[in-house]
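> Protein sequence lines correspond, in order, to chains W and L. Per my numbering, residue 1 is the first one in the first sequence, and the count goes up by one each step. Per my numbering, residue 1 is the first one in the second sequence, and the count goes up by one each step.
Any given hint could be a false lead.
The calculated DSSO-like cross-link candidates involving lysine-lysine, where the alpha carbons are at most 30 Å apart (straight line), are [unchecked claim]:
| # | chain 1 | residue 1 | chain 2 | residue 2 |
| --- | --- | --- | --- | --- |
| 1 | W | Lys409 | L | Lys305 |
| 2 | L | Lys82 | W | Lys236 |
| 3 | W | Lys77 | L | Lys243 |
| 4 | L | Lys82 | W | Lys103 |
| 5 | W | Lys103 | W | Lys319 |
| 6 | L | Lys214 | L | Lys154 |
| 7 | W | Lys219 | L | Lys154 |
| 8 | W | Lys77 | W | Lys319 |
| 9 | W | Lys319 | W | Lys181 |
| 10 | W | Lys181 | L | Lys243 |
| 11 | W | Lys211 | W | Lys299 |
| 12 | W | Lys219 | W | Lys132 |
| 13 | W | Lys60 | W | Lys319 |
| 14 | W | Lys136 | W | Lys103 |
| 15 | W | Lys338 | W | Lys236 |
| 16 | L | Lys82 | W | Lys77 |
If you want a taste of the chain W side facing chain L, the calculated C-beta under 7 Å gives, among others [as the list claims (entries may be wrong)]:
| # | residue |
| --- | --- |
| 17 | Thr165 |
| 18 | Trp168 |
| 19 | Glu391 |
| 20 | Asp393 |
| 21 | Gln402 |
| 22 | Gly407 |
| 23 | Pro411 |
Here are the simulated distance ranges between beta carbons [said to hold, decoys possible]:
| # | chain 1 | residue 1 | chain 2 | residue 2 | range |
| --- | --- | --- | --- | --- | --- |
| 24 | W | Ala408 | L | Trp215 | 22 to 32 Å |
| 25 | L | Val95 | W | Ala408 | 15 to 25 Å |
| 26 | L | Ile236 | W | Asp424 | 34 to 44 Å |
| 27 | L | Arg21 | W | Ala318 | 49 to 59 Å |
| 28 | W | Gly254 | L | Trp183 | 24 to 34 Å |
No lab work stands behind these hints: they were computed from the structure. None of the values given here were measured: they were computed from a predicted structure. Ideal Cβ placement from N, Cα and C applies to all residues, glycine included.
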Amino acid sequence: MSIRLDRRQFLMGSSALLAAGAAGISPSFAQAESLRLIFWGGQARADRTYGVTDLYTAAKGTQMEAEFLAWNDYWPKLATQTAGGNAPDIIQMDYRYIVEYAKRNAIAPLDEFVGGALNLADFDADQLEGGKVDGKLYGISLGANSVAMLVNTAAFEEVGVAVPTNAWTFDDLMTIGEAFKTANIRGGMKAIMDGSYSEPMLDNWLRQRGKALYTADGKLGYDEADAVEWYTMWAKLRAAGVCVSAEDQALDTGPLETTMLVLGKAALLPSNSNQLVAFQAIMQDNLDMVGYPRIEAGKGGGHYRKPSMFFSIAGSSAKQEAAAEFLNFFISDPEAAKILGVERGIPCSAATRDIVAPTLDEQSQIALNFVANLGDLLGPLPPSPPAAAGEIDASLIRTLGQEVGFGAKTPEQAGADLVNGANDILSRA
Amino acid sequence: MQDTSRSSTDHQPVVHTAWSRFWQNDAPGYLFLLPWLIGFLGLTIGPMATSLYLSFTDFDLLTSPDWVGADNYIRMFSNDPKFWTSMRVTMFFVVFSVPLKLAFALAVAMLLNRGIRGLPLYRALFYLPSLLGASVAIAILWRQIFAGDGLVNKLLAMVGIIGPSWISNPNYSLWTLIVLSIWQFGSPMIIFLAGLRQIPTDMYEAASLDGASKWRQFVKITLPLLTPVVFFNAIIQTIEAFKSFTPAFIISGGTGNPINSTLFYTLYLYQEAFSFFRMGYASALAWVLLALVGLFTAFSFFTSKYWVHYDE
């Protein structure tokens, strides 16, 4: 990592030198400031981000030390650095952790910079709202996102069944699954992955029923009857061979490469709109996206435009003003916008969207159109989840889905265990 | 030099002599010891003391720790099903992987002990998995081999058996990790081999003259004379098994799935510390593990006098 950073710095330094030379000024090596930036993501995101940091260094002379890690490695590292009082100035933050970090003053409120270093005049109101904790702004949304069902269109063609539209329902999913079973393509490819483990899918299904994963005051937003019905529905889909077997599903341990879509075991995968780019990069078959299935025709409101991720500024940073200036550049500079595209989601300022739209490739266009045209699928942004949500997801939702899948528990038992276990974790947090 | 020393001896004879003796005789030793000592205090004793302190707090990495007394330990034993799940998984792993691995290591060592051509090559080959064993690459390779459409099932398919997906089926996933651990038999094997070389060959000659079968020679000569080596290997491998982390982490993507069937104790500890930010609780878990391994080792030493022979 350090070698990579060194080369980075060398590249940044030399590009600054070139830029300065091109502008006809003699280069000055006395840099005014240097900022540290940390983010999670893959190589594609890193290339874009480094493109912008290079641009910033060339424009402002501020040295940028940017580092990236995979999601699973990111949070331990960030927490350790924060605990050691050595947090980077600019931190990529997630909806899941923003409350936790803000409440502990690990990230700084940005309100004092708004109107000054940070110009948010044409920023989407709902995206601004998403970055607030207790009424104060702690994160600048880097893009709007929605959950989306990724579709392997080549597989649908082979089966000879139409790719679903945003109007489709869980009943349609059953029909599609039957068609896949009859066609028996590619060694028994199923219609969809086992979504009973998927927190976003449960969330969407609950919202269509007028419930929620969590209420505004951090309580569970559904009851045992909901949970039992959820597991029963998936048990039916599993028994009918519409979704993959529990044994296959357990091969999915998180990375894109282990998902049922990439392994070719399912043609549909619940995911996020901005991830189409990343999935398409590692797959031969053409991908498209539609909304999640509706619980019945005409029902909607399960989706929402969620901030895909934020940039926050460390509470311990001595250069908060300079960091805010960089954030402003990142979200509003036209050249930066062209480099960033929609890899982090749809840009949140109208002016930036207009700059980006004509420059997009096919997958990014699909994502942009999908998020812009959610129609009646779109509902209100839910409150940010309580601190224990991550643990409930990891140790209950994912495990209970498997236990029903492998026949270790009935849907009734799993439903009761989910609600009791979640309440238990919430009361302890 | 000597003059000055003599003149100061007149003032404070005893102190100075002791000091100069220390300076001349002992100081170089301590000086050479210093790097290790600094490392020992700074990297072992310091962190251990901190972790012991943190185990009585609710430290969450982001805010300063608050003292909670024995709460962490009480919760562990009275109100944490996952603690018991991870304990059961780890115990199962230790109980099956250690004896099987030792038996396999001894069998291979006996094979290699007979003078065969290219012995060094075989020794190196058999040791190789142990060198690579705990690495990420091997765990990923193992994942490929034991997946539903992996090498193992392709071989089974040749004889008409349709195998399950060994790593993602909760009935087999832990066994897959046990097989992986047995495969890393290299280091106990090398130690067994050294032990076997120490047994005088005339004992076997005498025994075979008396008409003792190979099996009887093994039971009556090899095993008893090898017990100190068996004892050593058993202790080391048991501690290793308790600490085992990487393979389970890689094969389950850090989750301990399917259905917590590979939730090793260390994996659970890691989850509590770095996924759920409960450093205090994780520290308490670590100390319980230390106590457990200590108990096991003490028990082994206690029973060893009944079966380990150090005669001659």
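> Each hint should be assessed against the structure and marked as holding or not.
Here is how each hint holds up against the structure:
| no. | hint | verdict |
| --- | --- | --- |
| 1 | W:Lys409 x L:Lys305 | 47 Å, violated |
| 2 | L:Lys82 x W:Lys236 | 29 Å, holds |
| 3 | W:Lys77 x L:Lys243 | 22 Å, holds |
| 4 | L:Lys82 x W:Lys103 | 28 Å, holds |
| 5 | W:Lys103 x W:Lys319 | 21 Å, holds |
| 6 | L:Lys214 x L:Lys154 | 38 Å, violated |
| 7 | W:Lys219 x L:Lys154 | 49 Å, violated |
| 8 | W:Lys77 x W:Lys319 | 21 Å, holds |
| 9 | W:Lys319 x W:Lys181 | 59 Å, violated |
| 10 | W:Lys181 x L:Lys243 | 45 Å, violated |
| 11 | W:Lys211 x W:Lys299 | 13 Å, holds |
| 12 | W:Lys219 x W:Lys132 | 19 Å, holds |
| 13 | W:Lys60 x W:Lys319 | 15 Å, holds |
| 14 | W:Lys136 x W:Lys103 | 11 Å, holds |
| 15 | W:Lys338 x W:Lys236 | 46 Å, violated |
| 16 | L:Lys82 x W:Lys77 | 25 Å, holds |
| 17 | Thr165 | 33 Å, violated |
| 18 | Trp168 | 29 Å, violated |
| 19 | Glu391 | 5 Å, holds |
| 20 | Asp393 | 10 Å, violated |
| 21 | Gln402 | 5 Å, holds |
| 22 | Gly407 | 10 Å, violated |
| 23 | Pro411 | 15 Å, violated |
| 24 | W:Ala408 x L:Trp215: 22 to 32 Å | 44 Å, violated |
| 25 | L:Val95 x W:Ala408: 15 to 25 Å | 22 Å, holds |
| 26 | L:Ile236 x W:Asp424: 34 to 44 Å | 40 Å, holds |
| 27 | L:Arg21 x W:Ala318: 49 to 59 Å | 53 Å, holds |
| 28 | W:Gly254 x L:Trp183: 24 to 34 Å | 26 Å, holds |
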